[in-house]
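Enquirer: Letter by letter, the sequence shown follows residues 1 to 114 of full-length UniProt numbering.
Hints are computed from structural coordinates only; laboratory data are not their basis. Some clues are possibly wrong.
[To be verified] Mimicking DSS-like on lysine-lysine, the simulated pairs with C-alpha atoms at most 30 Å apart in a straight line are:
#1 K54 <-> K96
#2 K106 <-> K96
#3 K113 <-> K96
#4 K20 <-> K77
#5 K54 <-> K106
#6 K77 <-> K10
#7 K79 <-> K17
#8 K79 <-> K96
#9 K54 <-> K85
#10 K85 <-> K10
#11 K20 <-> K112
#12 K79 <-> K106
#13 K10 <-> K106
#14 K79 <-> K10
#15 K96 <-> K10
#16 K96 <-> K85
#17 K106 <-> K77
#18 K54 <-> K17
#19 K112 <-> K85
#20 K17 <-> K113
#21 K113 <-> K79
#22 K96 <-> K20
#23 K79 <-> K20
#24 K17 <-> K106
#25 K77 <-> K113
#26 K112 <-> K77
#27 K20 <-> K10
[As the list claims (entries may be wrong)] Just the calculated beta-carbon pair ranges, DEER-fashion:
#28 L101 <-> T78: 42 to 50 Å
#29 T51 <-> D107: 41 to 49 Å
#30 T48 <-> S95: 32 to 40 Å
#31 V45 <-> T88: 21 to 29 Å
#32 E97 <-> V45: 29 to 37 Å
#33 M110 <-> S35: 20 to 28 Å
#34 M110 <-> T48: 45 to 53 Å
Heads up, the beta-carbon is just placed ideally off N, CA and C, and yes, glycines get one too.
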Amino acid sequence: MSNIFLSVGKKIRLYRKASKLTQEELGEQLQIDYSYLGRIERGEVNITLETLSKIANALHIAPSQLLEDDRYYSKDKTKIEILEKIDTALFSLSSKELEVLHRLIKDALMFKKL
């Protein structure tokens, strides 16, 4: 399959895990077999826009979020893994927690420049 299917699949997995759902649980909500969902997440199948929309709705995100440019196109596998872990953790934070974290990161980056 092409990179777009792999990219979409990775994002589905990312948002599913951030929502603390198993493949079985999300598959049940979508009324699809969890093994098919696994194939979607691995980019092995060509899903329809209807299925993409159902998945996005179940994950409480806009379908466009699954289609956005992929920042994980990098040859540095370690960096990709770390960014995916951070992304998953950030998705589960509240707006207030994100604001605090943003200030901490901003301060840390300013300190680094000194």
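Enquirer: Now, for every hint given, state plainly whether the structure supports it.
Expert: Hint check results:
At most 30 Å may separate the alpha-carbon atoms for a hinted pair to count; K54 and K96 meet this at roughly 29 Å. Using a Cα cut-off of 30 Å, the hinted pair K106 and K96 holds, with the two alpha carbons roughly 15 Å apart. A distance of roughly 26 Å separates the Cα atoms of K113 and K96; the hinted pair therefore holds under the 30 Å criterion. The suggested pairing of K20 with K77 holds, with an alpha-carbon distance near 24 Å, which does not exceed 30 Å.
A hinted pair counts as satisfied when its Cα atoms are at most 30 Å apart, and K54 with K106 does not qualify at roughly 37 Å. With a C-alpha separation of about 14 Å, the suggested pairing of K77 with K10 holds against the 30 Å cut-off. Our distance criterion of 30 Å between C-alpha atoms is met by K79 and K17, whose separation comes to about 19 Å. Restraint check: the Cα-Cα separation between K79 and K96 comes to about 27 Å, which is no more than 30 Å; the hinted pair holds.
Between K54 and K85, the direct Cα distance comes to roughly 24 Å. Compliance with the 30 Å bound is thereby established for this hinted pair. Of the supplied pair hints, the one linking K85 and K10 holds, its CA atoms being roughly 12 Å apart against a limit of 30 Å. Simply put, K20 and K112 have alpha-carbon atoms about 34 Å apart, too far for the 30 Å limit, and the pair is violated. With a CA separation close to 20 Å, the supplied pair K79 and K106 stays within the 30 Å bound.
For the suggested pair K10 and K106, the alpha carbons sit about 28 Å apart, so the restraint of at most 30 Å is met. Our distance criterion of 30 Å between C-alpha atoms is met by K79 and K10, whose separation comes to about 15 Å. With a C-alpha separation of about 27 Å, the suggested pair K96 and K10 falls inside the 30 Å cut-off, and the hint holds. Taken as a hint, the K96 and K85 pair is honoured in the structure, with Cα atoms around 20 Å apart against an allowance of 30 Å.
Only pairs whose Cα atoms come within 30 Å are accepted, and K106 paired with K77 is accepted, the gap being roughly 25 Å. Under the criterion of a C-alpha separation no larger than 30 Å, the hint pairing K54 with K17 is consistent with the structure, at around 17 Å. For the suggested pair K112 and K85, the alpha carbons sit about 23 Å apart, so the restraint of at most 30 Å is met. Distance check on the hinted pair: K17 and K113 sit about 35 Å apart at the alpha-carbon level, beyond 30 Å; violated.
The hinted pair formed by K113 and K79 meets the criterion: a straight-line CA distance of about 22 Å does not exceed 30 Å. Distance restraint check for K96 and K20: the Cα-Cα separation of roughly 20 Å lies within the 30 Å cut-off, and the hinted pair is therefore satisfied. Restraint check for K79 and K20: satisfied, since their Cα atoms lie roughly 23 Å apart, inside the 30 Å limit. Of the supplied pair hints, the one linking K17 and K106 holds, its CA atoms being roughly 27 Å apart against a limit of 30 Å.
Distance check on the hinted pair: K77 and K113 sit about 27 Å apart at the alpha-carbon level, within 30 Å; holds. For the hint pairing K112 with K77, the CA-to-CA distance comes to about 25 Å; that is within 30 Å, so the pair holds. Distance check on the hinted pair: K20 and K10 sit about 15 Å apart at the alpha-carbon level, within 30 Å; holds. At roughly 22 Å, the beta carbons of L101 and T78 sit outside the given window of 42 to 50 Å.
Between T51 and D107 the CB atoms are about 43 Å apart, so this pair conforms to the stated range of 41 to 49 Å. Checked against the hint of 32 to 40 Å, the pair T48 and S95 passes, with Cβ atoms roughly 33 Å apart. Distance hint for V45 and T88: a CB-CB separation of about 23 Å, consistent with the stated range 21 to 29 Å. Range check, E97 to V45: about 36 Å between beta-carbon atoms, so the 29 to 37 Å window is met.
A hinted range of 20 to 28 Å is violated for the C-beta pair M110 and S35, which are about 48 Å apart. Checking the proposed 45 to 53 Å range against M110 and T48 shows it holds: the Cβ atoms sit about 47 Å from each other.
In terms of the numbered hints stated before, the structure departs from hints 5, 11, 20, 28, 33, listed from lowest to highest.
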